[in-house]
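One letter stands for each residue in the lines below.
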Amino acid sequence: MPPHPESPASRISPKAKRVICLFQSGGPSHLDLFDPKPELDKRFDQDLPDSVRRGQRITGMVAGQARLALQPSRYKFSQHGQSGLWLSELLPNLGTVADDLCVVRSLHTEAINHDPAITLFQTGHQLPGRPSMGAWLDYGLGSANADLPAFVVMTSVPSKGAPDQGLLARLWGSGFLPGRHQGVALRGGADPVLYLGDPPGITREHRRGMLDDLVVLNTQERERSNDAEIDTRIAQHEMAFRMQTSVPDLVDLSNEPQSTWDLYGEEAKKPGTFARHCLLARRLAERDVRFIQLYHRGWDHHGGLHDRMPVGCKDVDQPTAALIKDLKSRGLLDDTLVIFGGEFGRTCYAQGGANREKYGRDHHGRAFSIALAGGGIKGGQTYGATDDFGFNITENPVHIHDLQATILHLLGIDHERLTYRHQGRQYRLTDVHGTVVEGVMRG
Amino acid sequence: MTAFDVPDRESCTARRSRTNTPLQSLVLLNEPGFVEAARGLGTRLLHSDGDDRARLTLGFRLATARQPTAKELTVLEAALARGRASFTAESAKRYLAVGTVPADAALPPVELAAWSALGSLLLNLDATISRD
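Chains F and B supply the protein sequences, listed in that same order. Quick note on our numbering: the first sequence kicks off at 1 and runs consecutively. Quick note on our numbering: the second sequence kicks off at 1 and runs consecutively.
Hints in this document: simulated from the structure, not taken from any laboratory. Here a beta-carbon is modelled for each residue, glycine too, at the ideal position from N, C-alpha and C. Treat each hint with caution, since some may be false.
Unchecked claim - Sample of chain B residues at the chain F side, in silico, Cβ under 7 Å:
| # | residue |
| --- | --- |
| 1 | P22 |
| 2 | V27 |
| 3 | Q67 |
| 4 | S86 |
| 5 | R94 |
| 6 | T100 |
| 7 | V101 |
| 8 | P102 |
| 9 | L123 |
What the hints assert, rightly or not - Dumping the calculated SDA-like pairs for lysine to any residue here, alpha-carbon to alpha-carbon at most 20 Å:
| # | chain 1 | residue 1 | chain 2 | residue 2 |
| --- | --- | --- | --- | --- |
| 10 | B | K71 | F | R222 |
| 11 | B | K71 | F | P200 |
| 12 | B | K93 | F | P200 |
Unchecked claim - Where chain F lies over chain B, by a calculated footprint (3+ residues, C-beta under 8 Å):
| # | region |
| --- | --- |
| 13 | 46 to 57 |
| 14 | 77 to 85 |
Take the sequences, apply the hints, and build the full model.
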């Protein structure tokens, strides 16, 4: 449905039609990926100065430590692309799309633990109950594809090691918005959407005939009762029927040429992997699905970062770069906003003792990084800066709400005007906060 | 249940939102529990007295708490005929195996499958699933 002329969606000219959010759940360390800090090398194992910490609360996990010892990254950083973007050696493939990336180094959140932090990222509030970003976008813009849900979710776990924190369906829920705006999870197994397949013995023709009967009977009911909601129900039955064809078509990769597998990597051949989901994300983008939400778990590297980070990066680096290149070569990157990042970053001090090779980091929300590409984003730059410790922001802070305001803006929505009345007041994704960040957008 | 707007209990919900989504359709049509329930309804109707029309009328009344109109009965008769034509002995057997409750072995499989599919239709009517 097109937005009403006076709606918040009509005043701003949209740059993006779709969003692909590649959410890295657990909080990947910005210090080992995006924000190099040679000072930490020089100050290895020294105490975190109070002048830097400035009273930042620490979690219960390090509260018992005698010291907060500074921990450099063991990974080498180098520059990539014409823009000279700094990336760690763990992201070589992202390096090949460096000029498409805008790395925001000054993202920040008040949340200190995972669930409130992810909830804040997805819904604009640390406490659950509010609609997710995808739900807001579906509410504001509607679907661009009549045969598929407008908000699709895929989750994956690390190829090795514990996945750690789970993900709750409310993270892609509709909150107080009508239920039809909730995300639909695409699954790895035989039924990509729950109960998509007809029961054994029911042919396609039989199912079609039954739905035709439902249309007739429900229409007669509608005439009798004058209940407009019946029209919606009829429409949703039809959508379900179309999904029974469109979803298998979406996940049928048999026509993909070898070049696809070369680009995304062999892992993409396995259902349920992040690589596979990135490929599906491209196919969803081709079909104009509005909000495509991926989650990759297992980034909560309190310990064993040296073991776990390479695994996580191997899972996500090539597919993410592949997705960006793939979208670009199909002319989709310009109007598809790609987001890569987690709910917070990690501390510049070690959890446990500092060690040149083997270490862990605790949660850090006061300053961390996120990478953006496509959809009106100005690539080939970093935005914002942190101090020598990657602890505090020194330049251009971007709060989660600012990021959300910017995402909505890129899709043509004024974040202050897309509201919904609930419990006596107007609510919006950014609640009473958020400023659009002009600096990350193309002029 | 989240597909059916169950309140998530994160905040006070005075009025439950009423929406219709394709996911709900898929559950009502394809979820094994509902397929089994439809078979239960079909079995009950086959065990009841009277001809096709009498049984269809009973089924409609059980589902919607009112008598079907002549038009509605015609649609149901056509649906039953479609089921009888659509199932083979083999596909009926597969359809009747869904769920955990065994199908009534005394009833002819194709006939029971047709009535079960009819039961599924009745259980999917808006009049059945919506409360005014």
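Run through the hints listed earlier and report the numbers of any the structure violates, in increasing order. 3, 6, 7, 8, 9, 11, 13
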